[in-house]
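Keeping their order, the protein sequence lines are chains A, B and C. Position one of the first sequence corresponds to residue 1 (our numbering), numbered consecutively onward. Position one of the second sequence corresponds to residue 1 (our numbering), numbered consecutively onward. Position one of the third sequence corresponds to residue 1 (our numbering), numbered consecutively onward.
Take the hints with a grain of salt, since some may be wrong.
DSS-like cross-link-like pairs, simulated, lysine-lysine; straight-line CA separation at most 27 angstroms [what the hints assert, rightly or not]:
no., chain 1, residue 1, chain 2, residue 2
1, A, K249, A, K195
2, A, K409, C, K128
3, A, K404, C, K122
4, B, K119, C, K169
5, A, K365, B, K166
6, A, K249, C, K128
7, A, K314, A, K404
8, A, K270, C, K122
9, B, K202, B, K119
10, B, K166, A, K155
11, A, K317, A, K328
12, A, K270, C, K128
13, A, K293, C, K122
14, A, K249, A, K212
15, A, K155, A, K361
16, B, K142, A, K169
17, B, K142, A, K212
18, A, K361, B, K166
19, C, K128, A, K404
20, C, K128, A, K293
21, B, K142, A, K227
22, C, K184, C, K163
23, A, K406, C, K128
24, B, K119, C, K238
25, C, K175, B, K202
26, A, K112, B, K166
27, A, K406, C, K122
28, C, K175, B, K119
29, A, K227, A, K249
30, B, K142, A, K219
These aren't lab readings, by the way, just hints derived from the structure by calculation. Every value quoted in this text rests on a predicted model; they were computed, and no experiment measured them.
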Amino acid sequence: MKYRKTALFFIVLFLALLFVAPPLFAQEKEIRIGVLYPLSGAAATIGRDLQRAAELTADIINNKTPGVDIPMAQWGGIPNLGGAKIKLIFADHRGEPDRGADLAKRLILDDKVVGLMGAYHSSVTKTVSAVAERYGIPMINDSSTSPELTRRGLKWFWRTTPHDEFFNKDLFELLKGLTEGKVKGVKAIPKDQLKNVVYACENTEWGSSVAKSIESYAKEYGFNITKGILYNANSPDLTSEAKALVSAKPDVMLFASYLSDSLLMIRTLKGMRASTNFFWGQDAGFEMADFVKTLGTDTNGVLTRTVFIAKITKVKKVAGQVNALYKKKYGDDLTGATARSVVGVQAWAYALNQAGSTDPKAIQKACNEMNIPANDLVMPWAGVKFDATGQNILGRGLIGQYQKTKDGKIDLEIIYPFELATANMIYPFPGWK
Amino acid sequence: MEKLKDAFDFRDFSRAEQIGLIIFSIFLFLFPWLGAGSFVKAVMIQFLLFSLFGMGWNTIGGYGGQVELGKAQYVGIGAYTVALTMVWWNIPFWVSMPIGILLAVGYSFMIGYPLFRLKGHYFAIATICTSLVLQDIFANWKLVGAAKGIELPIHDHPDFLYMQFKSDTYYYYFIMVLFYVALFYMNWFRRSKLGYQLRMIKDDEDAAESLGIDIRWCKIKAYTIASAFVAVGGGFMAVYNLYIDPASVMDLDLSIKIALMAMLGGAGSLWGPIIGAAFLVPLDRFLGSWLGGHKGLVGLDFMIYAMLIMVVSAYQPRGIWGIIEQFRRKGS
Amino acid sequence: MTLIDALLQGILMGLLFALVALGLNIIWGVMDIVNFAHGEFLMIGMYTTYWTSLLLDIDPLLTLPVAALVGVLLGIASYYGLIRYLLRGPAIAQLFGTFGLMLFLRYLAQFLFGIDYRIIQKGILIGKSLSIGPFIFDWTKLAAGLLSLFAFAFVYYFLNKTKTGKALKATSINKEAASYMGIKTDKMNAIAWAIGGGTVGIAGGLLANFYYVYPTVGLLFVMIAFACVALGGFGSIKGVFFAGLLVGILEMVFPVFGSLVNSDFLGPHFKFTIVYLTYFIIVVFRPQGLFGWKN
Numbered sequence: 001m002k003y004r005k006t007a008l009f010f011i012v013l014f015l016a017l018l019f020v021a022p023p024l025f026a027q028e029k030e031i032r033i034g035v036l037y038p039l040s041g042a043a044a045t046i047g048r049d050l051q052r053a054a055e056l057t058a059d060i061i062n063n064k065t066p067g068v069d070i071p072m073a074q075w076g077g078i079p080n081l082g083g084a085k086i087k088l089i090f091a092d093h094r095g096e097p098d099r100g101a102d103l104a105k106r107l108i109l110d111d112k113v114v115g116l117m118g119a120y121h122s123s124v125t126k127t128v129s130a131v132a133e134r135y136g137i138p139m140i141n142d143s144s145t146s147p148e149l150t151r152r153g154l155k156w157f158w159r160t161t162p163h164d165e166f167f168n169k170d171l172f173e174l175l176k177g178l179t180e181g182k183v184k185g186v187k188a189i190p191k192d193q194l195k196n197v198v199y200a201c202e203n204t205e206w207g208s209s210v211a212k213s214i215e216s217y218a219k220e221y222g223f224n225i226t227k228g229i230l231y232n233a234n235s236p237d238l239t240s241e242a243k244a245l246v247s248a249k250p251d252v253m254l255f256a257s258y259l260s261d262s263l264l265m266i267r268t269l270k271g272m273r274a275s276t277n278f279f280w281g282q283d284a285g286f287e288m289a290d291f292v293k294t295l296g297t298d299t300n301g302v303l304t305r306t307v308f309i310a311k312i313t314k315v316k317k318v319a320g321q322v323n324a325l326y327k328k329k330y331g332d333d334l335t336g337a338t339a340r341s342v343v344g345v346q347a348w349a350y351a352l353n354q355a356g357s358t359d360p361k362a363i364q365k366a367c368n369e370m371n372i373p374a375n376d377l378v379m380p381w382a383g384v385k386f387d388a389t390g391q392n393i394l395g396r397g398l399i400g401q402y403q404k405t406k407d408g409k410i411d412l413e414i415i416y417p418f419e420l421a422t423a424n425m426i427y428p429f430p431g432w433k
Numbered sequence: 001m002e003k004l005k006d007a008f009d010f011r012d013f014s015r016a017e018q019i020g021l022i023i024f025s026i027f028l029f030l031f032p033w034l035g036a037g038s039f040v041k042a043v044m045i046q047f048l049l050f051s052l053f054g055m056g057w058n059t060i061g062g063y064g065g066q067v068e069l070g071k072a073q074y075v076g077i078g079a080y081t082v083a084l085t086m087v088w089w090n091i092p093f094w095v096s097m098p099i100g101i102l103l104a105v106g107y108s109f110m111i112g113y114p115l116f117r118l119k120g121h122y123f124a125i126a127t128i129c130t131s132l133v134l135q136d137i138f139a140n141w142k143l144v145g146a147a148k149g150i151e152l153p154i155h156d157h158p159d160f161l162y163m164q165f166k167s168d169t170y171y172y173y174f175i176m177v178l179f180y181v182a183l184f185y186m187n188w189f190r191r192s193k194l195g196y197q198l199r200m201i202k203d204d205e206d207a208a209e210s211l212g213i214d215i216r217w218c219k220i221k222a223y224t225i226a227s228a229f230v231a232v233g234g235g236f237m238a239v240y241n242l243y244i245d246p247a248s249v250m251d252l253d254l255s256i257k258i259a260l261m262a263m264l265g266g267a268g269s270l271w272g273p274i275i276g277a278a279f280l281v282p283l284d285r286f287l288g289s290w291l292g293g294h295k296g297l298v299g300l301d302f303m304i305y306a307m308l309i310m311v312v313s314a315y316q317p318r319g320i321w322g323i324i325e326q327f328r329r330k331g332s
Numbered sequence: 001m002t003l004i005d006a007l008l009q010g011i012l013m014g015l016l017f018a019l020v021a022l023g024l025n026i027i028w029g030v031m032d033i034v035n036f037a038h039g040e041f042l043m044i045g046m047y048t049t050y051w052t053s054l055l056l057d058i059d060p061l062l063t064l065p066v067a068a069l070v071g072v073l074l075g076i077a078s079y080y081g082l083i084r085y086l087l088r089g090p091a092i093a094q095l096f097g098t099f100g101l102m103l104f105l106r107y108l109a110q111f112l113f114g115i116d117y118r119i120i121q122k123g124i125l126i127g128k129s130l131s132i133g134p135f136i137f138d139w140t141k142l143a144a145g146l147l148s149l150f151a152f153a154f155v156y157y158f159l160n161k162t163k164t165g166k167a168l169k170a171t172s173i174n175k176e177a178a179s180y181m182g183i184k185t186d187k188m189n190a191i192a193w194a195i196g197g198g199t200v201g202i203a204g205g206l207l208a209n210f211y212y213v214y215p216t217v218g219l220l221f222v223m224i225a226f227a228c229v230a231l232g233g234f235g236s237i238k239g240v241f242f243a244g245l246l247v248g249i250l251e252m253v254f255p256v257f258g259s260l261v262n263s264d265f266l267g268p269h270f271k272f273t274i275v276y277l278t279y280f281i282i283v284v285f286r287p288q289g290l291f292g293w294k295n
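With the sequences and hints as input, model every part of the structure.
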């Protein structure tokens with residue numbers, strides 16, 4: 001009789017534990033964030049790199065990582081959410097806006113994500129952010145640079161990266177700096193050596209907005225655009241485009257191209273023995289690891305705007321530590337695009353920690369009030385702080401130059417901002433022999 | 001009135017097909033309440049949309065036997081009309097949609113008239129060319145947003161006038177209604193005078209001509225009907241995605257997909273485009289989204305897709321519906 | 001001066017376009033099939049050159065026979081593996097089958113080689129240019145143009161002077177009559193596919209000298225090839241040659257005129273639009289193409 005009662009007691013206890021235990025064990029909670037990147041299709045190379053960087057950052061936040069000097073690396077999960085882990089759920093949008101929208105719905109409604117991140121292509125970011133807005137789910141955009149994205153009055157959309165207007169302003173600051181002798185290793189250059197500007201941008205949402213802002217800044221800074229073309233990125237031949245640029249006898253050549261067309265453009269220009277003083281590419285194709293791998297020493301002297309350069313590790317310790325982790329795991333240095341993905345995940349971790357809850361309203365508030373100090377970022381930025389439109393106002397770009405080292409390799413050196421410069425600028429552009 | 005009755009008359013189909021249609025309709029009506037996830041719902045919407053496109057293509061491509069590979073230009077016209085009139089003048093969807101259809105019809109007539117001087121492969125390639133030209137024009141025309149595309153304003157609350165809803169269920173029922181309108185129309189069309197004339201043209205143009213059929217005029221009429229169908233789908237895409245650009249609504253890929261689905265299912269049969277879409281849309285979306293997360297398997301989904309297409313086309317030129325009929329005949 | 005320069009560059013590109021289109025044209029002429037997988041044949045030719053030159057460490061120009069051989073084998077394999085079964089069906093099913101082949105080859109390449117862009121870096125001609133007076137020519141393009149011309153002449157000779165070639169031509173003019181004369185249609189079809197694959201393999205090899213390779217590269221060229229073939233008139237070797245040249249010249253010369261007028265619609269991004277538009281207009285007035293004959 002007595003035994004029976006004891007047995008019953010234990011059985012009840014056991015059953016009770018079964019019901020109580022899941023929440024107990026589930027202390028190890030996870031917070032799902034949906035990440036949309038182009039993992040297949042034309043931009044799959046970059047998508048793969050972005051995914052790797054995001055995964056690495058989530059690992060750093062979820063597990064205490066010695067040797068990375070940011071507070072986040074010691075969190076081991078989100079502190080204010082009981083050490084909950086961040087789980088990134090990746091979705092492949094292939095660069096198609098409608099597929100991106102469908103996947104965003106899947107992430108929000110089926111996978112019950114707390115928020116969204118992505119989507120690299122500005123066009124896809126447009127549809128994805130529209131879905132996020134409809135469902136009232138926060139989206140932090142890490143890597144799309146079309147200025148318009150933050151000018152749509154969205155309440156659930158924030159962007160950590162600076163947009164193209166910031167970058168184009170940097171470019172003209174650099175040109176102005178050249179004329180004023182501010183650039184490391186180059187004496188002041190008379191302005192008429194840089195006056196004649198041409199640009200070629202690919203005809204996409206992103207390329208055409210770059211073109212527009214180059215036009216307006218050129219006017220503001222007093223440079224003269226003699227030829228500006230938009231070209232079709234899927235062109236089997238760019239000879240006539242290159243001819244049009246070369247025949248304008250340019251001092252300054254500016255490009256906005258993804259990888260395939262940047263390769264073809266440089267090959268074509270080389271075939272024409274084009275010469276100019278200043279050769280600059282707007283990120284994207286120009287700063288990808290494959291750009292140098294494919295073109296080798298032909299890139300000597302080419303400038304590219306970016307937000308992250310491996311050389312930054314000389315000036316910024318954390319960047320070096322994260323970069324070393326990434327390189328150890330995947331063999332490449334972080335690039336502008338992939339480092340932005342790191343910051344995207346960092347911003348998410350901050351927002352979640354600040355909100356202390358997974359409630360969208362709380363996260364919205366946390367994002368609006370976000371203020372990540374400069375020291376916590378891998379980027380050489382002053383921090384992350386959003387203005388009323390959701391644009392990070394503390395970000396800034398870098399301009400780097402590919403330079404041939406003595407052993408015939410190519411390094412990307414920082415040229416702008418002037419105080420961060422890591423090498424003397426090669427001026428004028430050496431061209432191709 | 002006679003005509004209207006014809007549209008709802010499915011009596012000449014076999015019993016199995018009638019029962020299939022009823023079960024399928026019940027399934028469609030109840031689908032949002034079956035507890036499927038939102039991604040499945042989005043895939044269903046895509047399926048209905050592509051069935052609609054496919055049925056449109058079927059008039060000229062299936063019944064008429066003209067290989068038409070430029071349907072994306074009419075998707076674009078429909079989508080752009082709805083988007084632009086909404087952005088510029090705030091015109092409701094229910095007004096802009098008919099305008100879009102009218103524009104598509106007008107444009108298709110204009111293009112169709114010279115186009116149908118051509119036959120066979122010349123025609124097929126010319127349709128691709130016109131579509132590419134229109135896409136290039138839209139991609140560079142600043143007034144319509146050029147390559148940037150057009151973004152529709154998001155409305156906070158559900159709005160029936162502008163067809164803006166938060167939940168996909170509304171869109172689902174809306175596209176389902178369009179789907180049924182198309183299905184009933186096609187059911188009428190296949191037994192209409194034009195339908196018979198087209199089939200005659202497909203079998204033997206010379207014989208059709210000797211019977212006094214104006215071949216070119218018939219083809220143009222069918223082509224115009226197809227364009228109207230597709231433009232409706234385009235308008236739907238604009239309000240559903242809230243963002244359109246030439247690369248997503250006018251691309252060659254889209255034209256090919258439309259023709260491919262109809263041909264895989266069985267060109268020239270009422271069920272063909274629906275079956276084709278039922279195979280390829282889920283294959284594309286589910287497999288793609290599943291494989292996307294697995295590195296190293298990228299491309300495998302399309303290889304399966306391609307194998308299916310090759311096997312079906314080699315085995316039975318009339319597509320999946322052809323295979324089903326073949327088995328049925330063997331069985332009986 | 002710019003105009004003459006553009007004309008010369010256009011001729012070089014045009015020769016290559018014509019070679020790409022040649023194989024498509026022969027298949028079209030003999031069998032009345034549009035091979036949508038043609039661009040993918042080109043892509044495979046490019047990959048062949050890329051990999052052989054990289055792995056064997058030889059000049060890309062020396063890999064041309066390999067590219068041609070791979071193209072021939074691919075053509076024959078496609079014919080016996082798929083196309084023969086498609087012949088029973090209507091034109092629409094044939095088109096549909098070659099679509100399948102196109103997708104299959106494209107994504108097979110993606111599966112095997114990944115989506116990276118690859119470009120050949122080593123070779124005697126790569127990165128070198130020749131200047132004659134005020135004109136500068138890229139050596140790789142010059143070689144591509146001249147070798148295309150050579151390949152074209154060879155095929156022309158083969159079709160017009162050899163017995164097999166004449167049989168092939170007879171088949172393309174009238175299949176039934178030819179088969180009454182004892183020409184085996186099946187064999188002729190296979191030969192057409194072999195030549196089609198071989199020529200486009202060579203074109204791929206030449207193109208790989210200055211163009212990057214990736215799995216969907218074929219699509220860019222196949223549309224131009226379609227326009228060339230239809231413009232020239234199906235089955236006409238002479239037609240495809242001049243159509244290729246016309247496309248090449250249009251593509252280069254149009255932007256020169258366009259740059260005189262500063263308009264959104266005359267920029268270089270419209271150069272291929274103009275090609276398609278020209279095709280459309282010419283074909284509407286001459287439905288059989290420039291050099292085709294009426295059925």
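Against the structure, the hints come out as follows:
no.: 1; hint: A:K249 / A:K195; verdict: 11 angstroms, holds
no.: 2; hint: A:K409 / C:K128; verdict: 21 angstroms, holds
no.: 3; hint: A:K404 / C:K122; verdict: 18 angstroms, holds
no.: 4; hint: B:K119 / C:K169; verdict: 22 angstroms, holds
no.: 5; hint: A:K365 / B:K166; verdict: 23 angstroms, holds
no.: 6; hint: A:K249 / C:K128; verdict: 21 angstroms, holds
no.: 7; hint: A:K314 / A:K404; verdict: 19 angstroms, holds
no.: 8; hint: A:K270 / C:K122; verdict: 15 angstroms, holds
no.: 9; hint: B:K202 / B:K119; verdict: 11 angstroms, holds
no.: 10; hint: B:K166 / A:K155; verdict: 16 angstroms, holds
no.: 11; hint: A:K317 / A:K328; verdict: 17 angstroms, holds
no.: 12; hint: A:K270 / C:K128; verdict: 8 angstroms, holds
no.: 13; hint: A:K293 / C:K122; verdict: 13 angstroms, holds
no.: 14; hint: A:K249 / A:K212; verdict: 22 angstroms, holds
no.: 15; hint: A:K155 / A:K361; verdict: 11 angstroms, holds
no.: 16; hint: B:K142 / A:K169; verdict: 24 angstroms, holds
no.: 17; hint: B:K142 / A:K212; verdict: 12 angstroms, holds
no.: 18; hint: A:K361 / B:K166; verdict: 18 angstroms, holds
no.: 19; hint: C:K128 / A:K404; verdict: 20 angstroms, holds
no.: 20; hint: C:K128 / A:K293; verdict: 20 angstroms, holds
no.: 21; hint: B:K142 / A:K227; verdict: 18 angstroms, holds
no.: 22; hint: C:K184 / C:K163; verdict: 13 angstroms, holds
no.: 23; hint: A:K406 / C:K128; verdict: 23 angstroms, holds
no.: 24; hint: B:K119 / C:K238; verdict: 22 angstroms, holds
no.: 25; hint: C:K175 / B:K202; verdict: 22 angstroms, holds
no.: 26; hint: A:K112 / B:K166; verdict: 16 angstroms, holds
no.: 27; hint: A:K406 / C:K122; verdict: 21 angstroms, holds
no.: 28; hint: C:K175 / B:K119; verdict: 20 angstroms, holds
no.: 29; hint: A:K227 / A:K249; verdict: 10 angstroms, holds
no.: 30; hint: B:K142 / A:K219; verdict: 21 angstroms, holds
Comparing the model with each numbered hint stated earlier shows that all of them hold.
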